[in-house]
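Colleague: Residue numbers (this note's numbering), protein chains in the order written: chain A, 1289 to 1926; chain B, 1301 to 1478.
For the record, the hints were derived by calculation from the structure and aren't laboratory data. Keep in mind the model is a prediction, meaning the values are calculated, not measured. Some hints here could point you the wrong way.
Claimed, not checked - To give an idea of the interface, some chain B residues facing chain A are shown, with a C-beta separation under 7 Å as derived from the structure:
{"#": "1", "residue": "1341"}
{"#": "2", "residue": "1382"}
{"#": "3", "residue": "1390"}
{"#": "4", "residue": "1450"}
Every residue, glycine too, gets a C-beta built ideally from N, C-alpha and C.
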Amino acid sequence: MMPSGAGMLNLTIGRLRLWWRRDLFVRLYVGIVALVLLSTMGYTVYAVANVRTTLHDELESRARNLSDVLVLALARPLFDINSQAVDSVVRAVGATPDVVALRVRTSDQRIMALSGDVVVLDTDSDAVVKQLPITFTQGGRVYPVGDVGIALSQDSTRAEMRQRMTQTLFTSWSLAALIMLALFVVGRRLDRPFADIRRALDQLAAGEVDITLTDTGRDDQIGRLSRAVLRFRDVLAKLQETERALRDLNVGLEQRVQASTQDLRETVDLLSESRSKLQAVVDTALDAVIRTDPQGRVLDWNPMASRLFGWTIVEALDQNLIDMVVPASEREARQGALLRLSQEEGSAGALRKEVTAQNRQGREFPVEWSVSRVVLPGTSAVELCFFVRDLTERKRAEEDTRAALRRQAELLELRSRFVAMASHEFRTPLTAILSSVELMRHYADRLGPGEQEQLLVGVEHGVQRMTHLLDRVLVVGKADAQRLEFAPKPLDLAEVCRDVLKEARTQHDNSTCEVLTHFDPEPGLGRWDEHLLRHILGNLVGNAFKYSPQGGKIRFGYRMDDTQVVFTVADQGIGIPEEDLEHLFESFHRSKNVGDIPGTGLGLSIVRSSVELHGGHIEVDSTQGEGTCFTVTLPLQN
Amino acid sequence: MEPLLPAFTLTAARSGPTPGGNAADDRKRMHVDRYVLVRTRGSQVEWDGKAMKGLTGPVGAQLGYSVVGNLKALGLPVDDGSQTARELLFKLMQGRLSAAALGGSDAMVLMSSPEFAERLEVLPVPLVEKPYFLMLSHKLMREQGELGMRFWAAMEQVRNGEPYRRLERAAYEAAVRP
């Protein structure tokens, strides 16, 4: 099927483009032709303009010369008003082919001679017109004798210009055609050796080195190029040999490269694994590991740091570490220390200290703050690496240890006091018992029944005293072991108080102290453990008798309201030194000013335990040498 | 008016034969002609028959005319550029001449025209006045002297005849007719 017109055009354009792209000579030829054509056109335009200007100038010059001649020729005839001479001149000049009009006028504008169409002298036309006045000098006088007007036709100028233009065009375009023809011929001649060279290069490109070139003997560029191609062929042949050698070498080299690559890959894997492990170590570290720049901006933040401070890594990155984790009062000092550390000379610096940190919620806690200055390898950049360890548990353990040590010391002290107490409190009744037993053994036959009974009573008292002492020790032990029984029930507090007072008087029957009582008459609605309550009140009232001088006054009573009952036991005894008040309720502790007054140091310890079991509290107000007042407050236990 | 035949004054004829020999017989003349001096009206130029006064420039005369020699002989500046009498008068009117020397008949014809008469005037005393003869060759007079004498006698006879006088008057009238 024949292609359409547009198809033919596209096919032709495509072929021209291919021709243009593939043939350097085509581009060179088209370029030179275009240049020649442009030059020719430019020269033609210039030549035409030049011819026109030249011919116009020539015509002007002729008109000027002719008019000058006329002025000279007509001066005298006009002066003489010699019309015959003027006519002769006008006829002679008017016969000139270019002169289309000639007019001579006298000084009074009278036409003296005419030739041709004088209308062109006074109207616009394309003729070259000259109008000149004529004067004549005689006897030193200058006479204006008339004027001459002459018009020259441009017809001959145009004809000459056309002729010259034709010559110019013919010459220049003939030269252009000759140049193009020469270019075509030279191009055709040049193409053949280049085609040989191209064919040879194609063979070389295909790896064939057996090529022939016919123009190698020339001295011009083609010859040099041909010889260069031959040299290239030689080089290519050598290169092929070298390539074969290289290929052989390359095989071995590839094997070595593969082996090296495998080693490198394994090294990279190891390095990657090492980095992963290191990252895992950092991520799972029990310490917060944080990297910052020298100004303290966070660059890395491990999970422990998130747990410790409460900021996620996303929140922490690029924030100022000091602002985040250091209490406001310490930030300035800590920032200064970091600045000094980051500016230290040398490859590394570090500081480690225990400081107080704060978490996101503002809770402060102790940490061990280790900072090291890291100079990154290969650069002068500096980073700071923080290891922050939470010391809360350690501090707590240390505190527990110290408490245990204190407890141990207290136990040792307690044991010492117990030994001292036991050696004193048990020795006395044991000595009395032992003495009674010795008297009974050696002098039983000499003692009457009453004396034997008295000795037995003494033994009994000693045993009772020791039993009482052991009971109290057991109570203290139970209290310490949290095993004291607490069985509250409604009680008649006044009756209990009177029993306690009566028992105390019995125990201290030698005392002459006056007891002032105030028992609230209202029946109490509370519930108390009677056994423990008797411990509380018995000890306090017994101590009041024990440490009061003879004749002293003791106040004992209680007040009750809807929620609690407040017992008061006050004496005018020896009082308690201030330094003993702190340890007053500890087991086996006795004030330093008790002197020989017997006691176990367990009473007030039992009192405190009993009060605490009731959910109440005990207060003491004492002045050494003036007396002591105990106030016990117990809830009603409803 | 131009002469029909070449005519020469006595001076010119001295190179040739003249009727009556060296003392030319005026009766045999063709005509008597004179040169007059024309000036612009109001001009100071004067001619008393011997001397010319009041000249402010050259005296014009027609090229080749004998009066040129007369004027130069008087030591006057002469401009003999004009070929015709008419042009000479125009030249005088243009102020390029102080005065103009014209043939008497030319002056008579031209001055009859108002074109010139209004601006020019002819002085009464002629510059030159002399007879003009038919000039014959020496050979003719040597070989046929009688024939030559007959020409000159006929000239006298015709000039004095009535027909010639009529022709002369008609020619004058034709010349002065506008």
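Colleague: Does each hint hold? Answer for all of them.
Modeller: Do the hints match the structure? See the list:
1. 1341: violated (18 Å)
2. 1382: holds (5 Å)
3. 1390: holds (5 Å)
4. 1450: violated (38 Å)
The structure fails hints 1, 4 (numbered hints given earlier, in ascending order).
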